[in-house]
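The whole structure should be built from the sequences, with the hints applied where relevant.
Protein sequences appear in the order of chains A and B. Residue numbering for the first sequence follows our numbering, starting at 1 and increasing by one per position. Residue numbering for the second sequence follows our numbering, starting at 1 and increasing by one per position.
In case anyone wonders, no lab produced these hints; they're calculated from the structure. Here the structure is a predicted model, which means the values were calculated and not measured. Take the hints with a grain of salt, since some may be wrong.
[As the list claims (entries may be wrong)] Partial selection, computed: residues in chain A whose CB lies under 10 Å from chain B:
{"id": "1", "residue": "Asn96"}
{"id": "2", "residue": "Tyr102"}
{"id": "3", "residue": "Gly126"}
{"id": "4", "residue": "Ala133"}
[What the hints assert, rightly or not] Computed spacing ranges between beta-carbons, pair by pair:
{"id": "5", "chain 1": "A", "residue 1": "Lys218", "chain 2": "B", "residue 2": "Arg82", "range": "48 to 54 Å"}
{"id": "6", "chain 1": "B", "residue 1": "Leu259", "chain 2": "A", "residue 2": "Pro132", "range": "20 to 26 Å"}
{"id": "7", "chain 1": "A", "residue 1": "Leu76", "chain 2": "B", "residue 2": "Arg35", "range": "26 to 32 Å"}
{"id": "8", "chain 1": "A", "residue 1": "Ser137", "chain 2": "B", "residue 2": "Ile276", "range": "26 to 32 Å"}
{"id": "9", "chain 1": "B", "residue 1": "Arg82", "chain 2": "A", "residue 2": "Val15", "range": "32 to 38 Å"}
{"id": "10", "chain 1": "B", "residue 1": "Thr219", "chain 2": "A", "residue 2": "Thr5", "range": "54 to 60 Å"}
{"id": "11", "chain 1": "B", "residue 1": "Val149", "chain 2": "A", "residue 2": "Arg129", "range": "41 to 47 Å"}
{"id": "12", "chain 1": "A", "residue 1": "Gln127", "chain 2": "B", "residue 2": "Thr219", "range": "51 to 57 Å"}
{"id": "13", "chain 1": "A", "residue 1": "Thr135", "chain 2": "B", "residue 2": "Leu279", "range": "29 to 35 Å"}
{"id": "14", "chain 1": "B", "residue 1": "Glu130", "chain 2": "A", "residue 2": "Arg104", "range": "51 to 57 Å"}
{"id": "15", "chain 1": "A", "residue 1": "Pro132", "chain 2": "B", "residue 2": "Pro87", "range": "53 to 59 Å"}
{"id": "16", "chain 1": "A", "residue 1": "Gly185", "chain 2": "B", "residue 2": "Val149", "range": "51 to 57 Å"}
{"id": "17", "chain 1": "A", "residue 1": "Val15", "chain 2": "B", "residue 2": "Asn91", "range": "19 to 25 Å"}
{"id": "18", "chain 1": "B", "residue 1": "Leu97", "chain 2": "A", "residue 2": "Ser57", "range": "47 to 53 Å"}
Using N, Cα and C, we set each Cβ at its ideal position, and we do this for glycine too.
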Amino acid sequence: MLTVTGVEARYGAIVALREVSLTVDEGELVALVGSNGAGKSTTLAVIAGLHRATRGSAAFEGTSLLARAPEDVARLGISLVPENRGIFPTLTVAENLRLGSYLRRDGAAAVRRDLDGLFERFPVLGQRRNQPAGTLSGGEQQQLAIARALIGKPRLLMLDEPSLGLAPTLVDRVFELVAELHRAGVTILLVEQNVRRTLEVADRAYLLRTGRMEASGKPSDLRSLVDIESVYLGGGPTASAASSATAASAPGEVPG
Amino acid sequence: MTPEFALQYLINALSLGSLYALMALGMAIVFGVLRLVNLAYGELIMVAGYTLFVLNDSPLPWLVLAAIAVAMAMLASALTERIAFRPVRVNSLNAMLITSFAVSTLLQNSALLLVSPRTRAVNVPGVLSENLAIGGFTVSMSNILTILVSLALLFGLNLLLRRTTLGIALRAAADDFPMTRMLGVRADRVIATAFAISGLLAGVVALFWVARIGSVTPTIGAGPLLIALIATVIGGMSGLSGAIVGGYLLGALNVGMQLLLPQGLLDYRDAFTFAIVILVLLVRPQGLIAGRFAARVA
Chain A
1 MLTVTGVEAR YGAIVALREV SLTVDEGELV ALVGSNGAGK STTLAVIAGL HRATRGSAAF
61 EGTSLLARAP EDVARLGISL VPENRGIFPT LTVAENLRLG SYLRRDGAAA VRRDLDGLFE
121 RFPVLGQRRN QPAGTLSGGE QQQLAIARAL IGKPRLLMLD EPSLGLAPTL VDRVFELVAE
181 LHRAGVTILL VEQNVRRTLE VADRAYLLRT GRMEASGKPS DLRSLVDIES VYLGGGPTAS
241 AASSATAASA PGEVPG
Chain B
1 MTPEFALQYL INALSLGSLY ALMALGMAIV FGVLRLVNLA YGELIMVAGY TLFVLNDSPL
61 PWLVLAAIAV AMAMLASALT ERIAFRPVRV NSLNAMLITS FAVSTLLQNS ALLLVSPRTR
121 AVNVPGVLSE NLAIGGFTVS MSNILTILVS LALLFGLNLL LRRTTLGIAL RAAADDFPMT
181 RMLGVRADRV IATAFAISGL LAGVVALFWV ARIGSVTPTI GAGPLLIALI ATVIGGMSGL
241 SGAIVGGYLL GALNVGMQLL LPQGLLDYRD AFTFAIVILV LLVRPQGLIA GRFAARVA
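Structural data, given as structure tokens:
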């Protein structure tokens, strides 16, 4: 479904991705793990059309993705929930969700039905639908960000660090949700620093290190490798505490 | 202060404030999505003003002329976006800022060359110079109309921004443009809409501004541009409500100065107004309505 081959990307003179290749097949839950600054988010940004690759290729069902604007990538059915969640703080919860269904062409009634389903799954969003999204807590914002992506019925859902900055119980919920979506047949590309939890839910995983694909395979194959590298990769309680501190300093953020 | 005097002051302040609010809003709506301070904004007012001048001898009713003038301002706004800003948009914000300065100079010089550097009189419909007696009070029709039209425009714009998907997308783009695009909203469409609304506001401002002055010059847009800039800055650049608050505040200040300053100092009214603006910014550098750009501005 998604094929990325030999992608190189830079920020000015700094090379963020050296040679990244990966594939995601329909219905799969593929994880992209690695330490901070390994290039995980940049990989997603290149696929989503937010960042230009300087070399390599990427295609979604045969259609080339590189050099395509973000809105055109979205129109192919690719949805990214970014690391900062990307909710619109001054818009209400309902307005955020309305924009999530911007590309839906199957009628207001169908959207309405799906929205009711989402409110059932995320009751807090239903209760706060008329509140500005900026007033939600970190965990609620994450739910909104995922719900907004789901209402668009994406063919490929890319989640960037969905557990970042959330309280431990909420982290559990996020991973449960990801597993649940996977069972429901949603194709997912998941980027995470929480390596152990991620390997529990993923079908396959890629290990990224300083812009290179270090390893790939089934979670069971990667686990031993990850244990050796856990010093760099984090994923333990200390590392997630550190990352929640970073998330809390972002504007409009309320720590989970 | 007699009640009549107070009412007069209130109406004058509301009327001038409404105009200032519209000016500021037209600037803020483009700033919101592009973070661009469009220095060619004043020239949109100029374009509408010269359209009225060109149509001076037209037999058409004034309302039709007014609609044509507003449409020309919208067209000018949309065209400058398409021709000047869109090609440099991907480069940098500075490139756009310089481009807007170039567009401003270009349009002003076109007016100099094609019309004249001299002031040109514009016909003003009789209704705008009439007075209206309510109870024991006399108020000018021009002020009442300015207030009513501005409020109607603000109301309509609010409806557009809250009820329509395109309007919601416009607000979303001001929050987070890349994310808005990732939901499938076309950047060009949002930006073109913002410029069209900006042109609409400039056009309506031009109608009342030109009617107040009774004439048009190539530099007629300089004053409104400055006012729009200052109103958005004291309002807080936090979004559209800040611009409106800033506009009304500036209007009230200006009329207040007219009232309070002794005759000999009236010429320095603007200096006093801006001194107060500086004081406001010293106390609240983020502007009156602190918003999400506050950190960036500071």
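Among the hints numbered above, which are violated by the structure, and what are their numbers in rising order? Those not satisfied are hints 3, 6, 8, 11, 15 and 18.
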